[in-house]
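Engineer: Listed below are the residues making up each chain.
2 protein chains.
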Amino acid sequence: MNTTQAQLGAVLAAGGPELTRLLESTESRLAEVAEAHGAELAGHATDTLLAGGKRLRPMLVFLCANHGDDRLVSAAAAVELLHMASLVHDDVLDCAALRRGRPTVFARGGRVAATATGDLLFSRAFAELASTGDPDAVRALSQASSALARGELMQRADAWRADVTPERYLERCRLKTASLFEASCRLGALFGERPALAGALGRFGEQIGLAFQMLDDVLDVSGPAERTGKPRGTDLLDGTVTLPLILALRTDPGLARPDRSLGPDGASEICDRIIATGALAQARGEALGHVAEAKAEVEALELPAEPKRALELVADGVVERYA
Amino acid sequence: MNTTQAQLGAVLAAGGPELTRLLESTESRLAEVAEAHGAELAGHATDTLLAGGKRLRPMLVFLCANHGDDRLVSAAAAVELLHMASLVHDDVLDCAALRRGRPTVFARGGRVAATATGDLLFSRAFAELASTGDPDAVRALSQASSALARGELMQRADAWRADVTPERYLERCRLKTASLFEASCRLGALFGERPALAGALGRFGEQIGLAFQMLDDVLDVSGPAERTGKPRGTDLLDGTVTLPLILALRTDPGLARPDRSLGPDGASEICDRIIATGALAQARGEALGHVAEAKAEVEALELPAEPKRALELVADGVVERYA
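Protein sequence lines correspond, in order, to chains A and B.
Under numbering that gives the first Met the number 0, think of the first position of the first sequence as 0, with each following residue one higher.
Under numbering that gives the first Met the number 0, think of the first position of the second sequence as 0, with each following residue one higher.
I should point out that these hints are in silico values taken from the structure, not numbers from a laboratory.
Please note that a few of the clues may not be correct.
Label-pair ranges, simulated between beta-carbon atoms [stated by the list, open to error]:
hint : chain 1 : residue 1 : chain 2 : residue 2 : range
1    : B       : R20       : A       : P16       : 52 to 62 Å
2    : B       : R20       : A       : E17       : 47 to 57 Å
3    : A       : G8        : B       : R256      : 52 to 62 Å
4    : A       : G262      : B       : P230      : 53 to 63 Å
5    : B       : E23       : A       : A304      : 49 to 59 Å
6    : A       : D258      : B       : T19       : 48 to 58 Å
7    : B       : P230      : A       : Q281      : 52 to 62 Å
8    : B       : G52       : A       : K53       : 55 to 65 Å
9    : B       : P223      : A       : A156      : 54 to 64 Å
10   : B       : R20       : A       : G8        : 51 to 61 Å
Calculated Cβ distances over 10 Å to all of chain A for the following chain B residues [to be verified]:
hint : residue
11   : L7
12   : A13
13   : T45
14   : L92
15   : R123
16   : R149
17   : R226
18   : R249
19   : L261
20   : G262
21   : L312
Covered stretches of chain B (in silico footprint by chain A; criterion: 3 or more residues with CB under 8 Å from a CB of chain A, positions within the stretch not fixed) [unchecked claim]:
hint : region
22   : 29 to 43
23   : 80 to 89
24   : 131 to 138
25   : 151 to 159
26   : 201 to 208
Nothing here was measured: the structure is a model prediction, and the numbers come from that model.
Cβ atoms here follow ideal geometry from the backbone N, Cα and C, with glycine treated the same way.
Using the sequences provided together with the hints, build the complete structure.
Structural biologist: Okay, structure coming up:
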């Protein structure tokens, strides 16, 4: 068991049997959604949804709600469907063969099948959430979806550029990742017992989303590949300039700029040079700063000790992966 | 003015000032949606939405509603957004440079921008409709969206196959085109004065959708290019086997099979041979059969003469394009 799983185990224990039951209901709902659209799409969508993943976003929905009704499961399924939809389309754009160690829809079915599967998952995300009949909730998911699209564009616009600023990097993290974490927390609050805390819990989600993405970018440089499930330096290979490189370039100006001719060995060498500058510790420190901000949001809330503890465990968990 | 425009002019006249006002509100709504997601997406989405198109689906929403409230404009914007989303992604898959004589998002912005723009339009379609707070409506759009994805997959699965049956072709038309026409009519009925007629008006929409797609496929063979805005035989060039070819192969078994080595001149030759078999008249006859079924649905409804006449004009309009 790695640190993440141990951490999520602690969250599950803190959440009690109701959290486990809600997560199981979400799995059933996702399986039903995947199977309802003809044999070919069912195959691709089922594979995608059942390939696992930590279900961190559904978990945030439930933890921010405390108790709630069936609408919570719809919201949890919706955020996971939107997340999956964006991954499936990202894999098409990256021509990615593997995700979480399994062949992508793109690899198995090709461009057309993967585009159609992503489109279907986008539509189903909104259909799930709309079943709650709450326009505010749909608006929250729609804002996240718009942010995902803008983040994707920003990432491609900034590809291969050595002059990306930390501020611009942070904005990209907000669009690509934090917006959906924020929506997950907000939806949980809206449909649970804490609608008045939707704003604060949304900010909590945004902060852990930022930390989550920053740590992902650290792990891409640090590896080890056996733990992260992908070779080191994949961001360098596809031109995605992240905080570790941005920081390293400040202290090691001779560091190679991102370059389309880079191969896996070259990427691995740049990773070592980035590590030598101390940029990873600095980037991890920034991520921890966002975790601290997230925990401060929770601390300030008028909530009993137990739900506060569960939210803080999640906040710690996003940066303790493979630590 | 071509026949379509004349026909739509007659529909507008039959619909009176309220129809014109509703269509104008839809344009404003679409423009607002396009502009609200950052400069780059705004550019692509605005170009896409304002590039025109007949707004046939919004028109169906309004004509099936008679009167109604603001939810009608949301529904009309939603069906048009979903239609546009699917066109933008189709253009990515086809690497299409032009649509309606203008550069596609794919041509202007590349694969990433076009995928993100389509994703955004999909999301916005559901967000618009969800603003009505009606889960039945969202379900209707979601079914259409699922059908679009399945139709796209079916078309690619059947590409370059000379053994596509007329039944399978019809099913593809239903998924790719008729499902969204059906949803448009159903949404109009639900949000207008005729919720009890949603089923019958949905069937009306499905039949004119089938006729619309069939006539599109006839025009791809018949041209003329000056009127259709694209060279003859584009379906043959990308391997899409449609009713004219299916029927022609029955009477002219020596007709060349769809083939990846086909060029524009070869496609034009096959078009001439298809025309020589009389298959176009037969396919047009099938389309007219669906128009007749659509009109029979309307005729059987307990409605005043004027709205019946407007719906019948639309039904006739879909097969009188460039006739």
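Engineer: All hints, please: hold or fail.
Structural biologist: Now for the hints, and whether the structure bears them out:
Between R20 (chain B) and P16 (chain A), the C-beta spacing of about 56 Å keeps the proposed range 52 to 62 Å intact. Look at R20 (chain B) against E17 (chain A): about 51 Å separates their beta carbons, and that is inside 47 to 57 Å. About 59 Å separates the C-beta atoms of G8 (chain A) and R256 (chain B), a value consistent with the hinted range of 52 to 62 Å. The given range of 53 to 63 Å is broken by G262 (chain A) and P230 (chain B), whose C-beta atoms sit roughly 43 Å from each other.
Evaluation of the 49 to 59 Å hint for E23 (chain B) and A304 (chain A) yields a pass: the beta carbon distance comes to about 57 Å. With their beta carbons about 57 Å apart, D258 (chain A) and T19 (chain B) fall inside the hinted range of 48 to 58 Å. Checked against the hint of 52 to 62 Å, the pair P230 (chain B) and Q281 (chain A) passes, with Cβ atoms roughly 58 Å apart. About 42 Å separates the C-beta atoms of G52 (chain B) and K53 (chain A), a value inconsistent with the hinted range of 55 to 65 Å.
Judged by the Cβ atoms, the range 54 to 64 Å given for P223 (chain B) and A156 (chain A) is violated: they are separated by roughly 41 Å. The hinted window of 51 to 61 Å between R20 (chain B) and G8 (chain A) holds, with their beta carbons roughly 60 Å apart. Once the 10 Å rule is applied to beta carbons, L7 (chain B) is consistent with being away from chain A; the minimum gap is 29 Å. Residue-level check passed: A13 (chain B) sits 33 Å from the nearest beta carbon of chain A, beyond 10 Å.
Remark: the non-interface label on T45 (chain B) is consistent with the geometry, its nearest Cβ contact in chain A lying 14 Å away (cut-off 10 Å). For L92 (chain B), the condition that its CB be more than 10 Å from all CB atoms of chain A is violated, with the nearest at approximately 6 Å. Listed as a non-interface residue, R123 (chain B) fails to keep its Cβ farther than 10 Å from every Cβ of chain A; the least gap is roughly 7 Å. Not every Cβ of chain A is farther than 10 Å from the Cβ of R149 (chain B); the closest lies at roughly 5 Å, contradicting the non-interface assignment.
A cut-off of 10 Å between C-beta atoms confirms that R226 (chain B) is not in contact with chain A; the least separation is 30 Å. For R249 (chain B), the requirement that its beta carbon stay farther than 10 Å from each beta carbon of chain A is met, with the minimum near 28 Å. Even its closest Cβ contact with chain A, about 20 Å, leaves L261 (chain B) beyond 10 Å, as expected for a residue assigned away from the interface. Every CB of chain A is more than 10 Å from the CB of G262 (chain B) (nearest about 23 Å), matching its label as outside the interface.
With a minimum CB-CB distance of about 32 Å to chain A, L312 (chain B) clears the 10 Å threshold, and the non-interface call stands. Interface restraint, the region 29 to 43 of chain B with chain A: holds (5 residues with C-beta to C-beta distance below 8 Å; minimum three). For the region 80 to 89 of chain B, the assignment as covered by chain A holds, since 3 residues bring a beta-carbon within under 8 Å of that chain's beta-carbons and 3 suffice. Coverage of the region 131 to 138 of chain B by chain A holds. Counting CB-CB distances below 8 Å, 6 residues qualify, and the rule asks for three or more.
Interface restraint, the region 151 to 159 of chain B with chain A: holds (4 residues with C-beta to C-beta distance below 8 Å; minimum three). Counting residues of the region 201 to 208 of chain B whose beta carbon lies closer than 8 Å to any beta carbon of chain A gives 0, which falls below the threshold of three, so the coverage claim is violated.
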